[in-house]
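Residue numbers (the working numbering), protein chains in the order written: chain A, 1 to 253; chain B, 254 to 538; chain C, 539 to 852.
In short, the hints are calculated from the structure, not lab data. Heads up, the beta-carbon is just placed ideally off N, CA and C, and yes, glycines get one too. Heads up, some of the hints might be wrong.
Straight-line Cα separation of at most 16 angstroms, EDC-like style, residue types lysine to aspartate or glutamate; simulated pairs [said to hold, decoys possible]: (1) K526(B) x D17(A); (2) K30(A) x D216(A); (3) K781(C) x E356(B); (4) K812(C) x E356(B); (5) K731(C) x E356(B); (6) K839(C) x D337(B); (7) K781(C) x E809(C); (8) K24(A) x D216(A); (9) K418(B) x E435(B); (10) K731(C) x E95(A); (11) K30(A) x E217(A); (12) K839(C) x E509(B); (13) K839(C) x E95(A).
Chain C regions said to be covered by chain B (calculated; three or more residues, Cβ under 8 angstroms) [stated by the list, open to error]: (14) 663-672; (15) 760-770; (16) 781-793.
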Amino acid sequence: MTTSTAISCAGVSVFFDDFRALNKVSIDVKAGQVVALIGPNGAGKTTLLNALSGRLPQTTGRIMLGGTDISRVPVHRRAAMGLGRSFQIINIFPEMTVRENLRLGAQPHKFRFQPFWRDVSGWRDLDEKACAVAEEVELTDVLDTPAAMLSHGRQRAVELGLSLMSDPSVLLLDEPLAGVGQAEIDQTVALIERVRHGRTVLLVEHNMDVVMNISDEIIVMINGEILMRGTAAEVQADPRVREAYLGSGDRDA
Amino acid sequence: MAIIVVGLSIGMLIFLLAAGLTLIFGMLQVINFAHGALYMLGAYLAYSVAMLTGSFWLTLVIVPLMLLVLGLVIERVTLRPIYDADHVYQVLITFGVVLVIDEVVRFFWGLSGRQFSPAAFLVGSIDIFGTEVSRYRVFVIVVGAIVMTALLLGIEKSRIGLTVKACSVNPDMAAALGIRVERVRMMVFAAGAGLAGFAGAIAGPMLPIQLQMGNAILLDCFTVIIIGGLGNIRGAIVAAFVVGMSRAVGQQWAAEWVDVFTYSLLVLVLLLKPEGLFSKKERTA
Amino acid sequence: MTRFWTRDFLIALGLCVLLLAAPLVTRNESVFFLLSLIVIWSIFALAFDFCFGRGGILSFGHAAFFALGAYGYTWATMDLGLGFGAGLAMAILCGAVFAVIVGLVGQRVTGLYFALLTLMLAQLLAIIMVTRLRRFTGGDDGIAGVPRPMFGGIDFFETVNFFWLIAAILLAVVVTMHVLNRSPLGQAIAGLKQNEERARQIGFNTARLRLAVLSISGAYSGLAGALLGALLMYVSPQLLSWKVSGDVLIMALLGGTGTLAGPILGVTLFELLKEVLSSYTEYWYGILGITFILCTIFLPKGVVSLLLGRDKSR
Numbered sequence: 001m002t003t004s005t006a007i008s009c010a011g012v013s014v015f016f017d018d019f020r021a022l023n024k025v026s027i028d029v030k031a032g033q034v035v036a037l038i039g040p041n042g043a044g045k046t047t048l049l050n051a052l053s054g055r056l057p058q059t060t061g062r063i064m065l066g067g068t069d070i071s072r073v074p075v076h077r078r079a080a081m082g083l084g085r086s087f088q089i090i091n092i093f094p095e096m097t098v099r100e101n102l103r104l105g106a107q108p109h110k111f112r113f114q115p116f117w118r119d120v121s122g123w124r125d126l127d128e129k130a131c132a133v134a135e136e137v138e139l140t141d142v143l144d145t146p147a148a149m150l151s152h153g154r155q156r157a158v159e160l161g162l163s164l165m166s167d168p169s170v171l172l173l174d175e176p177l178a179g180v181g182q183a184e185i186d187q188t189v190a191l192i193e194r195v196r197h198g199r200t201v202l203l204v205e206h207n208m209d210v211v212m213n214i215s216d217e218i219i220v221m222i223n224g225e226i227l228m229r230g231t232a233a234e235v236q237a238d239p240r241v242r243e244a245y246l247g248s249g250d251r252d253a
Numbered sequence: 254m255a256i257i258v259v260g261l262s263i264g265m266l267i268f269l270l271a272a273g274l275t276l277i278f279g280m281l282q283v284i285n286f287a288h289g290a291l292y293m294l295g296a297y298l299a300y301s302v303a304m305l306t307g308s309f310w311l312t313l314v315i316v317p318l319m320l321l322v323l324g325l326v327i328e329r330v331t332l333r334p335i336y337d338a339d340h341v342y343q344v345l346i347t348f349g350v351v352l353v354i355d356e357v358v359r360f361f362w363g364l365s366g367r368q369f370s371p372a373a374f375l376v377g378s379i380d381i382f383g384t385e386v387s388r389y390r391v392f393v394i395v396v397g398a399i400v401m402t403a404l405l406l407g408i409e410k411s412r413i414g415l416t417v418k419a420c421s422v423n424p425d426m427a428a429a430l431g432i433r434v435e436r437v438r439m440m441v442f443a444a445g446a447g448l449a450g451f452a453g454a455i456a457g458p459m460l461p462i463q464l465q466m467g468n469a470i471l472l473d474c475f476t477v478i479i480i481g482g483l484g485n486i487r488g489a490i491v492a493a494f495v496v497g498m499s500r501a502v503g504q505q506w507a508a509e510w511v512d513v514f515t516y517s518l519l520v521l522v523l524l525l526k527p528e529g530l531f532s533k534k535e536r537t538a
Numbered sequence: 539m540t541r542f543w544t545r546d547f548l549i550a551l552g553l554c555v556l557l558l559a560a561p562l563v564t565r566n567e568s569v570f571f572l573l574s575l576i577v578i579w580s581i582f583a584l585a586f587d588f589c590f591g592r593g594g595i596l597s598f599g600h601a602a603f604f605a606l607g608a609y610g611y612t613w614a615t616m617d618l619g620l621g622f623g624a625g626l627a628m629a630i631l632c633g634a635v636f637a638v639i640v641g642l643v644g645q646r647v648t649g650l651y652f653a654l655l656t657l658m659l660a661q662l663l664a665i666i667m668v669t670r671l672r673r674f675t676g677g678d679d680g681i682a683g684v685p686r687p688m689f690g691g692i693d694f695f696e697t698v699n700f701f702w703l704i705a706a707i708l709l710a711v712v713v714t715m716h717v718l719n720r721s722p723l724g725q726a727i728a729g730l731k732q733n734e735e736r737a738r739q740i741g742f743n744t745a746r747l748r749l750a751v752l753s754i755s756g757a758y759s760g761l762a763g764a765l766l767g768a769l770l771m772y773v774s775p776q777l778l779s780w781k782v783s784g785d786v787l788i789m790a791l792l793g794g795t796g797t798l799a800g801p802i803l804g805v806t807l808f809e810l811l812k813e814v815l816s817s818y819t820e821y822w823y824g825i826l827g828i829t830f831i832l833c834t835i836f837l838p839k840g841v842v843s844l845l846l847g848r849d850k851s852r
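Same shape as in the complex, but just chain A:
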């Protein structure tokens, strides 16, 4: 495992009018690490992911992907540069089959100036890539099922698969377990365990058992700032974290 920084931000703030959703947050994630962002609702976790992925413009601060400054790079370019992301609410192409979803995911990256009118099913490398990822996220059996007809857990897999199509080096996962039934949680966790290989993962998650298990490090956020950073054991032992959760009257743990 290398120790170079995969993604980092320095002094990033996001203001909505006069409300500070993020206040001068700096984090860095080493290549190959799995880092979890936790904290009570409204702590700014999703806002941070949004700023990193480019969905929300930061008011101040700098964002680096590998050695490149991407502070002003638009979302689609960041994706092309190897920054993948999944969403808290399932965010896929509902009317397309799983295959069409995944194929579309590869298109911006695998498809350049070939004759654009040729039937999409004729692009072999798109299809191969789609099948490979489908295998990785265990969707091979439902390749030709419309995505809207799948169970929530499997839609999560499509969501994850879409994020993988661009061969991202860094994955931002926003509550990958949100809405996943108890029965499918283990499957989804196994999925995350599998896709983390060779990638850097930054995830927001409320399920503490899972967070403690899969993350190398945990960052605790509150009120748009970072409260502490440490291993699972350090976080569990820290009284400030307990207070942060209890103080907000919100016990997701």
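Knowing the structure of chain A, use the given hints to seat chains B and C on it.
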């Protein structure tokens, strides 16, 4: 001075319509294309009611009530059945309503223009700061200002306003709190229609009543609600007067340039501040 | 997406063939005039639906592209003395360029805001063309004497011959659109419609995709406008009316959006209703309005959904 009175009176008319449009949009997320047609229908009805009753004041009361009821019916028959469909379809169905109202008006009143007189003491002109201005236009401004104040108070201070706001911000939560969201939607649509009817009735003695009057003013209203910010009633007030004044100035000096001016203003707003000049940016997180 | 010969495509082709075969049944001039209108508006409705049904971009201003096509054809053939083909190219260019302008102006707005913007820009164009550019547009009077094509020694002033030509163009439009929809670009556009945010997140430049949708739709609209100009041998600012935008929208929705057969069926239904109703009553437009309302409520996917049934892969 005369031009300011003309501008303000046009602005008031536009405001009455734009307020209804923006209220309906805030609640139903629907742009009501039928709003201009309702206004036109209001004007024709006002003509007939004024002819029948001979009372201008009675007309101002009856016509808005008629349109209010019609609004209830339109909402119930066309919009309600497709609440669950894509919002776009609800917008488009109001387009169908326009075609129907246009034909109804043509059927009952024909193609010729109409006009009717207001109460006797509103006829003629009065002297303000040394210039002669139409009494009726002054009356429109005063009445419009009263309605505007009532609307602002009603929306921002009253219980009803709060209920409507709750329903538009989060209909599911409002429903869980025991508010009958469907009924609120219907009432808001009807109130908008009633306002359009009122606007039509007071426009009657001021402007020629004709088939095209609805569409012409509807475009101005769209300009107003975009410049003011969709769903923003205070923005609508300011924008309505900007458009009203430019109409008045244009009629006087450069009719051809008025539309170019207002539409260019609109394009500029969309380029520079698409959420409307008077709206705060929405949080997206 | 698996089969090339989807049911929708086959129905659309069938409709084209039916139209092409019409001259075998009748030689009545007024019938051909009606059929020509159906063909031309079908192209326009398909163009509109490429924007709305495929790209998810609602527009109330398609009249602008349509009218610019008609005027572009007129300028190219009458003022520049170019031929029919160059005239069509000019029409396509005019429609596409204005569509790109609309797209650039509306870059930061979406949904209903964008739809209102298209309406306003079309109105603005109408005003400018009638008042400021009277020299080029003939003002309210319009321009008469718009030429029909001349080639191969065929007399295109004969309505039947002209009809055959435009029906063939409709067929070409249907085929090219089907190919386009199945191409990678078409898939990206489908992605844009279903989930713009996701499309951006997987690496599509959605702003550019929207421009692509608009320009393609504008180009086809311009083509339709040129053909209407040639059919009527007359262009006027009437083409710029918001009613034109409204009509095409009603047609596409009546027939069924997001399909190829739908817009053609919608146009046919619209024109036939108009033809039949207007001989009984002058209030046919109101009846059309009621039909439209009923269809939106009870047949939201249009008449074509009766034919496509539950065929998911249409």
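So, going through the hints one by one against the coordinates:
1. K526(B) x D17(A): Distance of about 15 angstroms is within 16 angstroms: holds.
2. K30(A) x D216(A): Given pair K30(A), D216(A) holds - Cα atoms ~10 angstroms apart, limit 16 angstroms.
3. K781(C) x E356(B): holds, 14 angstroms
4. K812(C) x E356(B): holds, 14 angstroms
5. K731(C) x E356(B): violated, 35 angstroms
6. K839(C) x D337(B): Holds, because 14 angstroms separates the two Cα atoms, which is no more than 16 angstroms.
7. K781(C) x E809(C): holds, 15 angstroms
8. K24(A) x D216(A): violated, 24 angstroms
9. K418(B) x E435(B): holds, 14 angstroms
10. K731(C) x E95(A): With Cα atoms ~10 angstroms apart, K731(C) and E95(A) stay inside 16 angstroms; holds.
11. K30(A) x E217(A): holds, 10 angstroms
12. K839(C) x E509(B): Distance of about 42 angstroms is beyond 16 angstroms: violated.
13. K839(C) x E95(A): holds, 15 angstroms
14. 663-672: With 4 residues closer than 8 angstroms to chain B, the segment 663-672 of chain C meets the three-residue bar; holds.
15. 760-770: Violated: only 0 residues of the segment 760-770 of chain C have a Cβ under 8 angstroms from chain B.
16. 781-793: Per the Cβ count (4), the hint holds.
The structure does not agree with the numbered hints 5, 8, 12 and 15 stated previously, though it agrees with the rest.
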